[in-house]
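Hints are included, so try docking the two chains, each in its own frame, into the full complex.
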Amino acid sequence: MTEQIGPQPKRGPHLVLMACYALFILASGSRAIVQIATQFHVAPFAYVLSAVAGVTYVVGWFAIRRAARGRPRLAEVMLWVELAGVVVVGTLSLVKKDWFPDASVWSDYGGGYGWVPAVLPIAALFWLHRTHEKNDPEEGTA
Amino acid sequence: MHGSLAPIAWIVVGYGVIVATAAVVGLALKAPRPRWLDQLAWMLELLCVVLGLGALGSLLQGHRPPSMETHVGYLAALVCIMPVAILSMREERESWSSGVVAVAAVATVVVAVRLMVTR
Chain A
1 MTEQIGPQPK
11 RGPHLVLMAC
21 YALFILASGS
31 RAIVQIATQF
41 HVAPFAYVLS
51 AVAGVTYVVG
61 WFAIRRAARG
71 RPRLAEVMLW
81 VELAGVVVVG
91 TLSLVKKDWF
101 PDASVWSDYG
111 GGYGWVPAVL
121 PIAALFWLHR
131 THEKNDPEEG
141 TA
Chain B
143 MHGSLAPIAW
153 IVVGYGVIVA
163 TAAVVGLALK
173 APRPRWLDQL
183 AWMLELLCVV
193 LGLGALGSLL
203 QGHRPPSMET
213 HVGYLAALVC
223 IMPVAILSMR
233 EERESWSSGV
243 VAVAAVATVV
253 VAVRLMVTR
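Protein sequence lines correspond, in order, to chains A and B. For reference, each letter of the first sequence is one residue, going 1 to 142 in my numbering. For reference, each letter of the second sequence is one residue, going 143 to 261 in my numbering.
Among the hints, erroneous ones may be present.
If we take Cβ atoms under 10 Å as the criterion, some of the chain B residues that face chain A in the derived model are [to be verified]: (1) 153; (2) 212; (3) 230; (4) 234; (5) 238.
Incomplete in silico selection of chain A near chain B, CB under 8 Å [said to hold, decoys possible]: (6) 11; (7) 12; (8) 15; (9) 16; (10) 19; (11) 20; (12) 23; (13) 34; (14) 38.
Since the hints were derived computationally from the structure, they do not count as laboratory data. Backbone N, C-alpha and C define an ideal beta-carbon position, used for all residues, glycine too.
This is chain B alone, in the form it adopts within the complex (with noise of 0.2 Å):
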């Protein structure tokens, strides 16, 4: 991943905190999972496909990271965690769904985080 990906890479970690937090404190109050987290859970998968592109972009112009695999294994998961997890919870709206949206923007976060280490 180039240098200049990295801001929106933090960004894509201090937006999955906050998107976590709300669904821990959704989950926290048991109150079913609202549709403004799934929202906020899209935004943030908007954020990795900016980010996902803009590595696959620079992997194109012949950027080569340490560990190839490793790193297209990172961008992969960084862009389909989050659907999975919605996807999988559209039918379902208690209170524990907020706790899979909560996992699955940790997950996102740790999966930045390692896209950064091994770019």
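For reference, chain A alone in the conformation it holds in the complex (with noise of 0.2 Å):
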């Protein structure tokens, strides 16, 4: 076993993270897809969400792997912009039922898929503090 050392790991929990939000890149991307190229007219504002999701994820991908190789600072805002999205379209879709004829990715808080895109990005906040606060000397001196 090699000891890496460094501020910039290239393995741990990471990974696993993206290999999650290149999924919902998949799933949200080709409903959002689908879903706008076929029927917009059923529910547009849900299907736009869901694009707006899509695009969400793929950010987020590149933040986390930028976050990995020791620049947190996108992430540190994506990731904060991505749960405020599941929170307020999860509220809305609650609260408003006649503005989602057809449920978006992020409604019901994502309950459509397991409410993974809930615990998604408060997954990687948490990933992400504690990767930071590993890092924080090194930064200091980089």
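Structure below.
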């Protein structure tokens, strides 16, 4: 076993996080594309929000990748944006049901996807917090 | 998807659960990803290909699911998820790479179930 030296770990939990984000890029992106292309008139607001979720996951994937290489700023912003999106859209889908004739990715706080969309940014923020704490001394000397 | 393919889909689901469980155990033990986990995962992929070919054959025979786009999307995802996961981790054998295999196996199980629902 080799010991890694340096502030930029290429191994760790972020691999699993990135795999989850890649899956959600696939799931929400393809869902949004199909729904917008075939039945946009049914629930335009919900379908646009699904597309926004897809874009958020793309940026989130890159943000986690950057954070794992020692540049956490984008992730610090994007993960909170993503969590806010899940909370706001999830709440709206419960309070304003007429705005959502069909579900978006973040409807019911991601209930259609086993609430993984709600857990994912929290898990990523937890990872970011722990990694950032570990890397703080090195960042100070960089 | 034709009804006769449902048993294969359930085999994919059951086997996928086994692969995911094995990967999670490997992750929990913090052991480097063993070769046999890759072999289990490739076996799952083989089952997915068999299921995918069967579903494709049923489409070519004229079977029409309620939403063709969704069904074809699930078919493509079923066949592609595991190879992408394993190939992206081929140089990486640390314990967290088992977590990636676990995520891919769970996703494959979910897609197989969705494929049966949308047949």
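Here's how the hints hold up against the structure:
1. 153: 22 Å, violated
2. 212: It holds, given that the least Cβ distance between residue 212 of chain B and chain A is near 7 Å, below 10 Å.
3. 230: 8 Å, holds
4. 234: Residue 234 of chain B check passes; min Cβ-Cβ to chain A is 7 Å, inside 10 Å.
5. 238: 5 Å, holds
6. 11: Holds: closest Cβ of chain B sits about 5 Å from residue 11 of chain A, inside 8 Å.
7. 12: Hint on residue 12 of chain A: holds, closest Cβ of chain B at ~6 Å, below 8 Å.
8. 15: 5 Å, holds
9. 16: Hint on residue 16 of chain A: holds, closest Cβ of chain B at ~4 Å, below 8 Å.
10. 19: 4 Å, holds
11. 20: 6 Å, holds
12. 23: This hint holds: residue 23 of chain A lies near chain B, its Cβ roughly 5 Å from the closest one there, short of 8 Å.
13. 34: Holds, because the Cβ-Cβ distance from residue 34 of chain A to chain B comes to roughly 5 Å (cut-off 8 Å).
14. 38: 6 Å, holds
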